Amino acid sequence: MKKTMVMILVVLLAGFTGHAFAQGKQVKAGFVYVGPVGDAGWTFAHDQGRKEMEKLPFVEPSTYIESVPGGAESARVINGLVRRGHNLIFTTSFGYMDATIDVAARNKDVVFMHASGYRTAENVGTYFGRMYEPRYLSGMIAGKMTEKNIVGYVAAFPIPEVIRGINAFTLGVRSVNPDAQVRVVWTQTWFDPGVERDAADSLLDVGADVLAMHQDAPATLQAAEARGAYVIGYNSDNRRFAPNAFLTAPVWNWGPLYSHIAQAVHDGTWSSEQIWWGMKEDLVQLATLSDRIPADVQTLVNERAEEIRTGNFHPFTGPIKDRDGNEALASGQIMSDPDLLSMNFFVEGVIGTLSN
Amino acid sequence: MKLVIERRDTSSTLMRFAAPVASIFVALAFAGFLLLAAGINPLEAYREILIEAVGSTYGLSETLVKATPLILAGLGVSIAFRMQIWNIGAEGQIYIGAMGATWVALFSGLENHWMLMITMFSAAFICGGLWAGVAGFLRARWSVNEVIVTLLMNYIAILLVDYLVYGPWRDPQGFNFPLTAQFADAARFASFFDTRLHSGFFLALVFALLLYLFMERTVWGYQIKVIGSNPQAARYAGMRTGQAVFWVLFLSGAIAGVAGFSEVAGLQYRLQHGLSPGYGYTAIIIAWLARRSAIGVVIVSLLMGILLVGGDSLQMLWQLPIAFVYAFQGLILFFLLGSDFFIQYRLKLIRGIRHG
Numbered sequence: 001m002k003k004t005m006v007m008i009l010v011v012l013l014a015g016f017t018g019h020a021f022a023q024g025k026q027v028k029a030g031f032v033y034v035g036p037v038g039d040a041g042w043t044f045a046h047d048q049g050r051k052e053m054e055k056l057p058f059v060e061p062s063t064y065i066e067s068v069p070g071g072a073e074s075a076r077v078i079n080g081l082v083r084r085g086h087n088l089i090f091t092t093s094f095g096y097m098d099a100t101i102d103v104a105a106r107n108k109d110v111v112f113m114h115a116s117g118y119r120t121a122e123n124v125g126t127y128f129g130r131m132y133e134p135r136y137l138s139g140m141i142a143g144k145m146t147e148k149n150i151v152g153y154v155a156a157f158p159i160p161e162v163i164r165g166i167n168a169f170t171l172g173v174r175s176v177n178p179d180a181q182v183r184v185v186w187t188q189t190w191f192d193p194g195v196e197r198d199a200a201d202s203l204l205d206v207g208a209d210v211l212a213m214h215q216d217a218p219a220t221l222q223a224a225e226a227r228g229a230y231v232i233g234y235n236s237d238n239r240r241f242a243p244n245a246f247l248t249a250p251v252w253n254w255g256p257l258y259s260h261i262a263q264a265v266h267d268g269t270w271s272s273e274q275i276w277w278g279m280k281e282d283l284v285q286l287a288t289l290s291d292r293i294p295a296d297v298q299t300l301v302n303e304r305a306e307e308i309r310t311g312n313f314h315p316f317t318g319p320i321k322d323r324d325g326n327e328a329l330a331s332g333q334i335m336s337d338p339d340l341l342s343m344n345f346f347v348e349g350v351i352g353t354l355s356n
Numbered sequence: 001m002k003l004v005i006e007r008r009d010t011s012s013t014l015m016r017f018a019a020p021v022a023s024i025f026v027a028l029a030f031a032g033f034l035l036l037a038a039g040i041n042p043l044e045a046y047r048e049i050l051i052e053a054v055g056s057t058y059g060l061s062e063t064l065v066k067a068t069p070l071i072l073a074g075l076g077v078s079i080a081f082r083m084q085i086w087n088i089g090a091e092g093q094i095y096i097g098a099m100g101a102t103w104v105a106l107f108s109g110l111e112n113h114w115m116l117m118i119t120m121f122s123a124a125f126i127c128g129g130l131w132a133g134v135a136g137f138l139r140a141r142w143s144v145n146e147v148i149v150t151l152l153m154n155y156i157a158i159l160l161v162d163y164l165v166y167g168p169w170r171d172p173q174g175f176n177f178p179l180t181a182q183f184a185d186a187a188r189f190a191s192f193f194d195t196r197l198h199s200g201f202f203l204a205l206v207f208a209l210l211l212y213l214f215m216e217r218t219v220w221g222y223q224i225k226v227i228g229s230n231p232q233a234a235r236y237a238g239m240r241t242g243q244a245v246f247w248v249l250f251l252s253g254a255i256a257g258v259a260g261f262s263e264v265a266g267l268q269y270r271l272q273h274g275l276s277p278g279y280g281y282t283a284i285i286i287a288w289l290a291r292r293s294a295i296g297v298v299i300v301s302l303l304m305g306i307l308l309v310g311g312d313s314l315q316m317l318w319q320l321p322i323a324f325v326y327a328f329q330g331l332i333l334f335f336l337l338g339s340d341f342f343i344q345y346r347l348k349l350i351r352g353i354r355h356g
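Protein sequences appear in the order of chains A and B. Counted from 1, the first sequence has number 176 at position 176 by this note's numbering; the numbering is strictly sequential. Counted from 1, the second sequence has number 120 at position 120 by this note's numbering; the numbering is strictly sequential.
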């Protein structure tokens, strides 16, 4: 009898602690970064998010590896994090997609989250943000601020994410200024201050008086500051690089998303999904508007922002024409997520080619 | 008193082996100060680097994986160096070789594993060879400097591959991302021990052996050496130096092309931008340090693999910035290359010279 009681107690206790373990899983997160944490852009923004996530009580000090090239090289780094006991791994660039899937297939007990890709697995989810929302808003500002009606756009690679940004931006520009054009220069790099600076200068040379960019370095901002043009940043609020030229920037705010995922892993409720949050969830935002933007323009933009947040306005609402004047989206239609994710055309008003 | 640099009449065999080994230790000592400045015990750091790179089956396998393209490209570069022909274009030849292999894997319609392997290999070999052969032809026919031609053709090769992956070869199911479709299983190398170690490594070893035999045991190998050390004497002896220049560059590029085949068939399973993070350039350093010997190339490539793979641990364990890892790797290379100088030259103090 006594023995049975002990047995029951042991079983209960085991059950209880087992339960507690499942509920209270400690999270040890590892981050793979494509640039240096000091890039003042993409990687910097992720690192801010990582630090915010670390404030959660069940999150152990996390690890990051910076400047990891995409492709086969990254698999070794991801595996290294797994072998050092990390149970939640964020791979923060498209180039890590195959490597993430590959390492995940060998480590089923680890949760992987890959940013900006499309391949998933039982233990691999993806996450990204609807950056086209604040991009559209920043385009409205550029359209109002340009006097020569030429807006320059320094862009990294002609992939859907970047093309989507250029198109949203251009739709924003043309919504307030149908005569303006957006000129695109490709750099073929995410982070190379010298190359980005050259691209920005070339756009200023052809008469652009407002610049925007999809790059990780602040070189475009510095170019605009030096030549007295306006500039719209990206990634994080990097106005200190261009105190006079800076208007605003579509920025990432990864903290809430990283905390959300860490919480789900901690609670044991995580499951593979494709997260695509927008302004509503505060993952993407518009940096505080510069005083140089007239009050009426600020009001206009703020109202649009509220419409986006409440779901009353979608930047990709028809009619939308492509660069050659063909109908890309019929009047009143809203573009579907798969079409947004695989976007491969330029809207009317963009001057540039889709190849490099 | 004056310090002069004097060429050594002979460089002793002992010196040839002792100098690189000694230089590694000097480099480690210097890098140790860097580590101390960062508050890290150098001995512990070096131990971790070794453990990371060779301390486990996994680490060792990753070092061999890393060394594979370096061995192949290094062999390719070194055979041309033997003839005093400077092939700076291994990087481009890797891309073109990978391109040839990818064409076979995706579009040839072959399904049998061995047929695919043989055809992919041949395509990579011939594509890489012809690519470098252009420089060989120009050099033989019009004495066009092969350094310039091979170097500039790197950019063409990389842009050509970019064109293919952004355009005609893009995966129709890939959401318009710049990647080709993945290879079928039949077009992939076998991998071993549940690691990423693949047949490419053994292929590289076979090439090292073949090249050693070729250089040391055949008339062609002898001719390459004679032409390299004294082209006039070679011509006088009736050797056709023009043809030899073409074929040595063909062979050089062909072997680098096989490195590209090995990367796509063994690791990446598709063609994409950034296929090689500069292996073709590292190969030049390797060929130089290995004194153009096939066996030397294997040894130096393995050391390079340890350095590159082990460097990960500096970031992972101590969160050192990537710049530190680059500085560390640069220091080691600096001293290795420096030792080469001291094998051929000596510093001499001359006393009692009057300056008039």
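Derived by calculation from the structure, the hints in this document are not laboratory data. Just so it is clear, the structure is predicted and the values come from calculations on it, not from any experiment. Note that beta-carbon positions come from the ideal geometry of N, C-alpha and C, so glycine has one too. Treat the hints loosely; a few may be bogus.
[Unchecked claim] Pairwise CB distance ranges, derived in the manner of DEER restraints:
id, chain 1, residue 1, chain 2, residue 2, range
1, A, 85, B, 114, 40 to 46 Å
2, B, 344, A, 243, 51 to 57 Å
3, B, 32, A, 338, 21 to 27 Å
4, B, 30, A, 52, 56 to 62 Å
5, A, 275, B, 209, 50 to 56 Å
6, A, 275, B, 344, 57 to 63 Å
7, A, 85, B, 18, 52 to 58 Å
8, A, 275, B, 18, 55 to 61 Å
9, A, 108, B, 115, 33 to 39 Å
10, B, 142, A, 292, 55 to 61 Å
11, A, 345, B, 326, 56 to 62 Å
12, B, 145, A, 188, 24 to 30 Å
13, A, 243, B, 349, 30 to 36 Å
[Stated by the list, open to error] Taking lysine to any residue pairs in the SDA-like style, the calculated list, with each CA pair at most 25 Å apart, reads:
id, chain 1, residue 1, chain 2, residue 2
14, A, 108, B, 341
15, A, 28, B, 225
16, A, 148, A, 324
17, A, 51, A, 276
18, B, 225, B, 48
19, A, 55, B, 235
20, A, 321, A, 84
21, A, 108, B, 225
22, A, 55, B, 317
23, A, 25, A, 67
24, A, 28, B, 341
Hints, one by one, checked against the model:
1. A:85 x B:114: 40 to 46 Å: holds, 42 Å
2. B:344 x A:243: 51 to 57 Å: Between residue 344 of chain B and residue 243 of chain A, where Cβ atoms are some 55 Å apart, the hint holds.
3. B:32 x A:338: 21 to 27 Å: violated, 55 Å
4. B:30 x A:52: 56 to 62 Å: violated, 39 Å
5. A:275 x B:209: 50 to 56 Å: At 52 Å between Cβs, range holds.
6. A:275 x B:344: 57 to 63 Å: For residue 275 of chain A and residue 344 of chain B the Cβ distance comes to about 60 Å; the hint holds.
7. A:85 x B:18: 52 to 58 Å: violated, 42 Å
8. A:275 x B:18: 55 to 61 Å: holds, 58 Å
9. A:108 x B:115: 33 to 39 Å: Taking Cβ atoms as reference, residue 108 of chain A and residue 115 of chain B lie about 35 Å apart, which means the hint holds.
10. B:142 x A:292: 55 to 61 Å: Holds: the Cβ-Cβ distance is about 59 Å, inside 55 to 61 Å.
11. A:345 x B:326: 56 to 62 Å: violated, 40 Å
12. B:145 x A:188: 24 to 30 Å: For residue 188 of chain A against residue 145 of chain B, whose Cβ atoms are near 27 Å apart, the range 24 to 30 Å holds.
13. A:243 x B:349: 30 to 36 Å: 57 Å Cβ-Cβ, so the 30 to 36 Å window is violated.
14. A:108 x B:341: violated, 51 Å
15. A:28 x B:225: violated, 57 Å
16. A:148 x A:324: Holds, because 23 Å separates the two Cα atoms, which is no more than 25 Å.
17. A:51 x A:276: Distance of about 21 Å is within 25 Å: holds.
18. B:225 x B:48: violated, 42 Å
19. A:55 x B:235: Between residue 55 of chain A and residue 235 of chain B the Cα gap is close to 75 Å, so the pair fails against 25 Å, i.e. violated.
20. A:321 x A:84: Violated, because 51 Å separates the two Cα atoms, which is more than 25 Å.
21. A:108 x B:225: Not satisfied, since the Cα-Cα distance of roughly 54 Å exceeds 25 Å.
22. A:55 x B:317: holds, 21 Å
23. A:25 x A:67: violated, 30 Å
24. A:28 x B:341: violated, 48 Å
Taken one by one, the earlier hints fail for this structure at numbers 3, 4, 7, 11, 13, 14, 15, 18, 19, 20, 21, 23, 24, listed in ascending order.
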